[in-house]
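Join these two chains into a complex; the hints should help.
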Amino acid sequence: MWSHVRTIALVFLHMFRKRETVLYPEVRPDIPPRWRGRIILSRDPDGGERCVACYLCAAACPVSCITLQAAEDGQGRRYPAFFRINFSRCIFCGFCEEACPTYAIQLTPDFEMGEYDRQNLVYEKEDLLISGPGKHPGYNFYRVAGLAVGGKGKGEAEGEAPPVDVKSLLP
Amino acid sequence: MGELQILTVIFGVALAALVVAALNIWLERRLLALWQDRYGPNRVGPFGLLQVLADMIKIITKEDWVPPFADRPVFVAAPGIVVVTVLTAYAVIPFAPGIEVVRLDTGVLFFLAMSSLGVYSVVLAGWASDSKYALIGGLRAVAQMLGYEVYMGLSVMGVVMLAGSFNLREIVEAQRGLWFCFPQVLGLVIFVIAGVAEMHRLPFDLPEAESELVAGYHSEYSAMKFGMFFLGEYLGITLISAMITTLFFGGWLGPWLPPLLWFALKTFLIIVFFILLRASLPRPRYDQLMAWGWKLVLPLALVNILVTGGILLSWR
Chain D
4 MWSHVRTIAL VFLHMFRKRE TVLYPEVRPD IPPRWRGRII LSRDPDGGER
54 CVACYLCAAA CPVSCITLQA AEDGQGRRYP AFFRINFSRC IFCGFCEEAC
104 PTYAIQLTPD FEMGEYDRQN LVYEKEDLLI SGPGKHPGYN FYRVAGLAVG
154 GKGKGEAEGE APPVDVKSLL P
Chain U
6 MGELQILTVI FGVALAALVV AALNIWLERR LLALWQDRYG PNRVGPFGLL
56 QVLADMIKII TKEDWVPPFA DRPVFVAAPG IVVVTVLTAY AVIPFAPGIE
106 VVRLDTGVLF FLAMSSLGVY SVVLAGWASD SKYALIGGLR AVAQMLGYEV
156 YMGLSVMGVV MLAGSFNLRE IVEAQRGLWF CFPQVLGLVI FVIAGVAEMH
206 RLPFDLPEAE SELVAGYHSE YSAMKFGMFF LGEYLGITLI SAMITTLFFG
256 GWLGPWLPPL LWFALKTFLI IVFFILLRAS LPRPRYDQLM AWGWKLVLPL
306 ALVNILVTGG ILLSWR
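Respectively, the protein sequence lines represent chains D and U.
Following the working numbering, the numbering of the first sequence begins with 4 at its first residue and continues without gaps.
Following the working numbering, the numbering of the second sequence begins with 6 at its first residue and continues without gaps.
Each statement offered as a hint is correct.
Derived pair list, reagent style DMTMM-like, types lysine to aspartate or glutamate, alpha-carbon separation capped at 25 Å: (1) K157(D) to D168(D); (2) K21(D) to E33(U); (3) K137(U) to D69(U); (4) K170(D) to E159(D); (5) K63(U) to D120(D); (6) K137(U) to E68(U); (7) K157(D) to D76(D); (8) K67(U) to D120(D); (9) K63(U) to E118(D); (10) K128(D) to E101(D); (11) K67(U) to D135(U); (12) K128(D) to E118(D); (13) K128(D) to E75(D); (14) K21(D) to D42(U).
None of these hints come from the bench; they were simulated from the model.
Here chain U stands alone, though its shape is the one from the complex (with noise of 0.2 Å):
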C-alpha cells in the first residue's frame, strides 16, 4: 500500500467511526422512541437526521465548567482518555479486505488492551470530581469494568482456538465455512454480556445509574467534556458491534453484497439489538452484577474453554 493509502484508510476510518457515532445516537433515540410507541427527533431535516448536528452546536457553546473542588489536570484529562483508547481499538477491526489500519498479529489481544485501558477514563473523571456520586460511580465502573474484562477475554478464547490465531483477519478467514456463532454460541452469549458491561451501556449502566448516583463518574461535567464521555460511549457501542461481527459472524464474508457493506450490515443489525437491551431490560442491582459475573458467567466462559479446547485436541 502506498502512503496516501494508508493515510486515506487511517482518516477514513476515524472519520466513519465518529460520523457512525453521531448517527448512533439518533439511530437509539429514534429506535428506542419507536418501541416506546413514540416518534422520538423527527423534525430538525430529514427524519430528525439533522437533530444529531443541532445537538453538536449546542454542546460546544455551552458553558465549559470545571468545579473549583476538582483536581483540574485529571479532570480535564479524563474524558479524552475514552474517546482516544476506544478510537486506537478500530485500528485492528478488519472492515473488508485491504481496509484496516494495521495488521496485528496479537489484534485481538490490542482490543482487550484498548477497552481495559478505557476504565481509567471512567475512574479518573470519578476521582477528580471530588465528589460522592462520581466518587462511587467510579468504584463501581473499576469493579464491573475489570471484572467483565476477564470474561470477555475469556470468552473469545473459544473463538482464538478455533482460528489458530489472534489476527482478526485470520479469524475472519477462518469463518468462510461456518460462522463462529454457531460452535461458539456460549462464547457470543458471554461476550455480548460482557460487552454491554464493559461499555458501561444500558442496562448495565451501573457506573452512571441516574436513579441511584444522578450521573455516576460525569456528574460534574458539562458542555464538550460531558460530550467527550458521550461519544466515547457511542464510539464503543459500534467498537464492540463491529467486534462481535469479525469475532462471530464471519466480519464482511457473504454472498452478493461488497464486503464492506457486508459489514456494515452486521454491525448496524447488532448495534439495534443493543438498543434493543436498552429499551427493554431494566438495571440490575449493582450487587447482583458482581455475583452474576463471578459466579456464574465465569465459570461459564471457562466450561466453554474447557469444552472447545477438549474437542479441538480429540478431534485433531
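Bound-form chain D, shown alone (with noise of 0.2 Å):
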C-alpha cells in the first residue's frame, strides 16, 4: 500500500524532469560520423573513382541487395559499368564497406531517403557516386597498388622497389 502511494508521488514529481524527446525535424540529432547510413561511392583525390569492380561488396550484402558489372578502360584500370544499390532491400550492415579494398563503398551519416516510390529507392551509380574521398582523404589505390596502369609502369607504385631483374643475379 505504501509503496503504492510512493510510486504515484514518484511518478508525479517526474512532471518536472526533463524530457528525453529530440524534436526531430526541429532539431537535428546528434548523429556521429560512423553512423551506418546511406552508402557512396567515392574518388580518389585525383577524382578518378576509387571502385575497381571487384564484386567483394556484392558477394558480402546478405540481402544481396548490390548490383555492378565490371569493365575495363584502356589504361588497365578497372570500374564500374554499372553499380546499383536497392534500397529498398539494404539493411545498412556495413559488411560492403568492411569488404571493400579499395575504401572506395562507404556509409554516411545520412538518413533521410524517405520516398514516395518505391522504385526511387534504387540508387544508380551517378547517385551514389560523390565528388571527394569520403572518410580516407589521402588514399588513391592504383598510386599504392602494384599493378601497372596506364601512366605508371611496375615498380613505380609509391614505396615500392623496383622490380629486380632476375637475371643480372646470375653468376
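Structure (C-alpha cells):
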C-alpha cells in the first residue's frame, strides 16, 4: 500500500524533469560520423573512381542489394560499368564497406531517404558517386597498388621498390 | 424552465460530455507523456489539440468489419449500450444551480443503475465476438464490474446518510459547511477504487488486459464500433470524476469563481488524478483484484456504513 502511494508520488514528480524526446525536424539529432546510413561511392584525390569492380561488396551483402558490372578502360583500370544499390532491401549492416579493398564504398551519417515511390529507392552509379574521397582523404588505390596501369609501370607505385632483374643475379 | 431552456441544457450537457470525452484522449496522452518524460501528440494544431480530430476522421473512415463467426445483431448493438448508458447517467449530475437535465430524488440510485447496465455492453461484446480472448475478457468484466458495483453503492451510503437524501442536488447543498471528503475519507477512497474498477480503467483494466488477452472484450472490434467502446470509456472517466466531485468535493460550491467553473475545475483535477493512477500503477493479477474486493474493500465499506450510522444516531 505504502509503495503504491510512493510510486504515485514519484511518477508525479517526473512532471518537473527534462523530457527525453528530440523534436526531430526542428532539432537535428546528433549523429556520430561512423553512423551507418546512405551508401556512397567515393573518388580518388585525383578525381578518379575508386571502385575497381571486384564484386566483394556484392558478395558480402547479406541481402543481395548491390548489383554491378565490371569494365576496363584503355589504360588497364577496372571500373564498374553500372553500380546499383537497392535501398529498399539494404539493411545498412556495413559489410560492403568492410569488404571493400579500395575504400570506395562507404556508409554516411545520412538517414533521410524517404520516398513515396518504391522504385525511387534504387540508386544508380550517378546517384551514389560523390566528388570527394569520403572518410579516407589521402588514399589512392592505383598509386599504392603494384598493378601496372596507364602512366604507371611496375615498381613505380608509392613505397614500392623497382622490380628485381632476375637475370642480373645469375653468376 | 421553458421548453427551449430544457432542450438547451439537454443538448449542452450531451455535447459537453462528448467534447470533454474527446479532449480527455488528448489530455491523457499529453499527461502520460509528461510523466514519462516524453512530449506526446504535439504536432497537429496548437499543442496537438487537433490530434483528436485527426484520429476521429481516421477511425470513422476505417473499414467497419464484422467477423463472420460473430453473432451479428448483438455484436453491432454492444458498443452502443455503453455510450447510451453512460450518457444517460449524465442526466442526474447537477453541474451548477439550474444546469441539470433532470432533478431526480433517486439520483444516486439512477447513477448506480446506469453504470451497472454498462456491464451488458462488455459482456455482450465478449460473448458475441465468439473468440476466446473476448470471452475471457467478458467473463472478467462481469465478475469485476458486478463485484465493485456493490462496494461502490455501499461506499456512497455514508454520504447519503450524512446528506439525508438520494438527490444529488441536495447532497451538494448539504456540503455547504464541510465537504464530505473529510468525514467520509474511507468512503471516498473506496469510491475512487470502485470507480476505477467499474470503468475498467488502468490499473484495473483486466477485461481488456492487452498483455494477456490481446484486447479483451473488444479484440474483434474495428473502426467506429471500437471507437464507441473508446468513447464510452472516456465518457465513463468523466462521469466518475463528476460523481466524485458531486458526492465528496462539494460539487459546484466554492468561493469567487462561478459555480460551473468550480465544478469543471474539480472534475478536471480528479480526471488528472485518474490519469496519474494509470501512469504509475501496475495491473494487479485477476485473483488479487477479486480477493481485494471481497475480502478487504467490502468489509471496509460495511464498517464505514456502520461507523457513520452509529455516529449519526448517537449525535442526533
